[in-house]
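Residue numbers (my numbering), protein chains in the order written: chain R, 1 to 111; chain E, 1 to 115.
Be aware that one or more of the hints could be misleading.
[As the list claims (entries may be wrong)] In silico lysine-lysine, DSS-like type, Cα no more than 27 Å apart, as pairs:
no.	chain 1	residue 1	chain 2	residue 2
1	E	K83	E	K11
2	R	K3	E	K11
3	E	K78	R	K69
4	E	K15	R	K52
5	E	K15	R	K69
6	E	K78	E	K44
7	R	K52	R	K69
8	R	K103	R	K69
9	R	K52	R	K103
10	R	K52	R	K3
11	E	K11	E	K44
12	E	K71	R	K103
13	R	K3	R	K103
14	E	K44	R	K103
15	E	K83	E	K15
16	R	K3	E	K44
17	E	K71	E	K15
18	E	K78	E	K11
If you're looking for bench data, these hints aren't it; they were derived computationally from the structure.
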Amino acid sequence: DAKTTQPTSMDCAEGRAANLPCNHSTISGNEYVYWYRQIHSQGPQYIIHGLKNNETNEMASLIITEDRKSSTLILPHATLRDTAVYYCIVRFENSGYALNFGKGTSLLVTP
Amino acid sequence: EAGVAQSPRYKIIEKRQSVAFWCNPISGHATLYWYQQILGQGPKLLIQFQNNGVVDDSQLPKDRFSAERLKGVDSTLKIQPAKLEDSAVYLCASSFRRTSSYEQYFGPGTRLTVT
Numbered sequence: 001d002a003k004t005t006q007p008t009s010m011d012c013a014e015g016r017a018a019n020l021p022c023n024h025s026t027i028s029g030n031e032y033v034y035w036y037r038q039i040h041s042q043g044p045q046y047i048i049h050g051l052k053n054n055e056t057n058e059m060a061s062l063i064i065t066e067d068r069k070s071s072t073l074i075l076p077h078a079t080l081r082d083t084a085v086y087y088c089i090v091r092f093e094n095s096g097y098a099l100n101f102g103k104g105t106s107l108l109v110t111p
Numbered sequence: 001e002a003g004v005a006q007s008p009r010y011k012i013i014e015k016r017q018s019v020a021f022w023c024n025p026i027s028g029h030a031t032l033y034w035y036q037q038i039l040g041q042g043p044k045l046l047i048q049f050q051n052n053g054v055v056d057d058s059q060l061p062k063d064r065f066s067a068e069r070l071k072g073v074d075s076t077l078k079i080q081p082a083k084l085e086d087s088a089v090y091l092c093a094s095s096f097r098r099t100s101s102y103e104q105y106f107g108p109g110t111r112l113t114v115t
């Protein structure tokens, strides 16, 4: 799996958009970008993934740059419940292997 | 649908004692994972099962950790003897099959404190 770099921590005001960046400059052509989050005292939860096109679901949007060397997870209207650690992982779509988590970004949403 | 169940939720033991954790994955999920999460770090895979066979145990400290998944359903993870550095949250996860391993469902974890 390609290596990823994320900021250690970020703050966001409730109701504003939270934009979480991830650098993955060594990503290969067939590797996808996956995002997970881990709320305190819970296990990680899958959010979204994409290859090169922007993706959106009910939880978030994923913007991948044209050169695919970086991406941004967007939570359009952050709530206090979005306070969590967010992990960016790069891997092949049908990889049969476990998830390789880094340290992630600790997002604090404030009132 | 019921989620991944784990027990106990919390355990405190002294070093050199033994401990066992139990996991019941989501019904029908063939792949089961055990992760160790030390405070401030992301989860790290200990062992991955496909049905009742081991797929990856390269990061399992085999001198003290063991795991089994009899009948390809429930799984137990054992530590014997425990060390102080084993203090962590032990997470169990399952996925429908290996090729959908990105969509893993995690249990609540067992928080182990070794004193």
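Check: Looking at the structure, which of the earlier hints fail to hold?
Finding: Failing hints, ascending: 2, 3, 4, 5, 12, 17.
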